[in-house]
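So the protein sequences, as listed, match chains E and V.
Per my numbering, the first sequence runs over residues 1360 to 1737.
Per my numbering, the second sequence runs over residues 1360 to 1737.
Keep in mind the hints are simulated off the structure, nothing from the lab.
One or more of the hints may lead you astray.
One copy or any two copies: either way a pair holds, since identical chains are not told apart in the list.
[To be verified] Simulated pairs of lysine-lysine, DSSO-like, Cα-Cα distance not exceeding 30 Å:
no., residue 1, residue 2
1, 1653, 1555
2, 1369, 1584
3, 1442, 1411
4, 1483, 1650
5, 1442, 1535
6, 1467, 1369
7, 1442, 1555
Bear in mind the structure is a predicted one, so any value in this text is a computation, not a measurement.
Number of protein chains: 2
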Amino acid sequence: MSAIRYELIKTCAQTGARLGRVHTPHGAIDTPTFMPVGTLASVKGVSPEELKALGAQIVLSNTYHLFLRPGHELVREAGGLHKFMNWDRPILTDSGGFQVFSLSEMRKIREEGVEFRSHLNGDKLFLSPEIATNVQNALGSDIIMAFDECPPYPAEYDYVKQSTERTSRWAERCLKAHERPDEQGLFAIVQGGMFKDLRQMSARDLTSLDFPGYAVGGLSVGEPKHLMYEMLEETVPLLPSGKPRYLMGVGSPDALVEGSMRGIDMFDCVLPTRIARNGTAMTSQGRLVVKNAKYANDFGPLDPECSCYACRNYSRAYIRHLIRADEMFGLRLTSIHNLHFLVHLMEQVREAIREDRLRDFRDEFFEKYGMADNESGF
Amino acid sequence: MSAIRYELIKTCAQTGARLGRVHTPHGAIDTPTFMPVGTLASVKGVSPEELKALGAQIVLSNTYHLFLRPGHELVREAGGLHKFMNWDRPILTDSGGFQVFSLSEMRKIREEGVEFRSHLNGDKLFLSPEIATNVQNALGSDIIMAFDECPPYPAEYDYVKQSTERTSRWAERCLKAHERPDEQGLFAIVQGGMFKDLRQMSARDLTSLDFPGYAVGGLSVGEPKHLMYEMLEETVPLLPSGKPRYLMGVGSPDALVEGSMRGIDMFDCVLPTRIARNGTAMTSQGRLVVKNAKYANDFGPLDPECSCYACRNYSRAYIRHLIRADEMFGLRLTSIHNLHFLVHLMEQVREAIREDRLRDFRDEFFEKYGMADNESGF
């Protein structure tokens, strides 16, 4: 019995979008969904109660970071990640693959795994499909990810082919190493860079093994968005309709809508909390840099259409003051607001799917939100 | 009709402590009380809802800091400090006097007021009794403080005498400049350094004018604690029993108890939040530096006797992990805990006064808390 079960409620008649639910040991998630990122077992500045109040149903945490500190054995000893961080809803952990390739230093990739140095203190460390899986077994997250290599963009065809084949072999090793399949669902990650045939090969290889869910990795790595959407259109139809589909590292409002239209069920990204800490709010009218001088005497909320805690109680002028004065509470308010914005956007996406009008919703949203953001990476 | 009214409920038979209530335009405060400090219109890292949940009845904000940024006119335009910071309970603002003398640069004291340079950008600024009062009129706090000079420790008798006389003249000017006496209560500040006769002179001069409350300033400035208590014993009996008495800048647990025993009703200090941000918790067993390695695998709460949000939900191991990783949420948890500790301590002090056993409570508390802290400034 798999720990994860996908329930398809309906498909949008206007698009390929799916309304569904992902059932996990810690409850169900309505999909399509956006997952806030709590890298080090905390969504920066936001409490579990605040996450629930803004509508978050699941959070993501990073295996690489927790492996470095406080260490997965400590989390195991604490009773697992849910108890450690006081979050009783579903948790997804990534495998550490992406961070090993993007953050660590002096990495050496071998068939066995990856040797690297900690970005914190230079310690020599090693992660393999088996270790990454067992670390996630110790963390106890509901959804765990296979250890993969995420090729950079741009990359040569031959390198990506070799890497994608290895990622498939590694996925199979993760499946074998997985110690808690009844409690944690292991998702495989489709790679293949920007090459359609390699995406197809990866999807075919991985779906030949019976994973409870599939992610699309290696996108949103610097390529133009139309290329990301092309790759999705090439990949998603090859994934089994009875399993959840997760587009990794994507969190710009436009890409959440476009990804949903192409059949994606789950998204995550540090974008909303990262730009929040820089004083930028996502609003129904597009980006708002609340630090700007023009908001000094603006006593309206960040977003007049928003019902989040920050918008109900605080003005742009107050939040600007706090952020300029390096007051923690300012970053908390913008973080809560941005997470609420994306979580609420996904509620609207689900509603539009239910009513078979996601394409219309997309057009209306983009017109209001500003197409300028569509290619900006925001 | 004064904005502030003091209601004496009873005096402790074992000590000089008073159980009472201070009535303000934004509700009543049970005294003796500890006031959390929200320097820049935010108690660092803690929301108004969290302050209420931990039992805070009043907060203090700093006029000097708000005068510099965002500026009192902006706060006035926002509808006052309560609305600006979303706090509907009482607020006390200091006068900026202490900060002008401790933080600013190149200050020149004249009878008219103090010229100084902003510690932020070097701007040349001027504060006088009239300006400091009118700035606080713009902020709209329930209790405002007279503009005073706080002499350093140690200081020469002649200097302190001159300064204390000026502080009394300034207090009278504040009273005249005060534009909203029906909505805001202006407290005078007794100075006089460590000289008994100057303390007496200051108390006599100020009580000859009818202020709705009196503060004792110029203590906890580096002198040994026994000297502070001597000065209190010299000063407090000269203050009218029908008005609240506020000991400024004092927040170590032992001094809160000792001050209450000597008839003080109100206290404030940045200590609990400042040491919280450094990873130090106040607990029923004394200080706990949660960053220390020995707490890495400690899955108990910061204080086993505490019922605050942090202690109910998070372990020392988790909080240590967050603080070591520079996660904002860790500082929020230690800040909530320390504020709860002091607010709860004052609840216990009030209960002990009610039962005429504050001296017994003091002895029991110190035995458990550790007398080592008694002279340490913690």
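Structure-based check of all given hints:
Within a single copy, residue 1653 and residue 1555 get their C-alpha atoms no closer than 47 Å, and across copies no closer than 53 Å, so neither meets the 30 Å cut-off. For the homomeric pair residue 1369 and residue 1584, the shortest alpha-carbon distance inside one copy (27 Å) is at most 30 Å, but the shortest distance between copies (72 Å) is not. For the homomeric pair residue 1442 and residue 1411, the shortest alpha-carbon distances inside one copy (16 Å) and between copies (26 Å) are both at most 30 Å. Taking the closest pair of Cα atoms, residue 1483 and residue 1650 come within 30 Å of each other only across two copies (25 Å); inside a single copy the shortest separation is 41 Å, beyond that limit.
In this assembly of identical chains, the alpha carbons of residue 1442 and residue 1535 lie at most 30 Å apart only when taken from the same copy (27 Å versus 59 Å across copies). Taking the shortest Cα distances, residue 1467 and residue 1369 never come within 30 Å of each other, neither inside one copy (45 Å) nor across copies (74 Å). Taking the shortest Cα distances, residue 1442 and residue 1555 never come within 30 Å of each other, neither inside one copy (42 Å) nor across copies (57 Å).
In summary, the numbered hints that this structure violates are 1, 6, 7.
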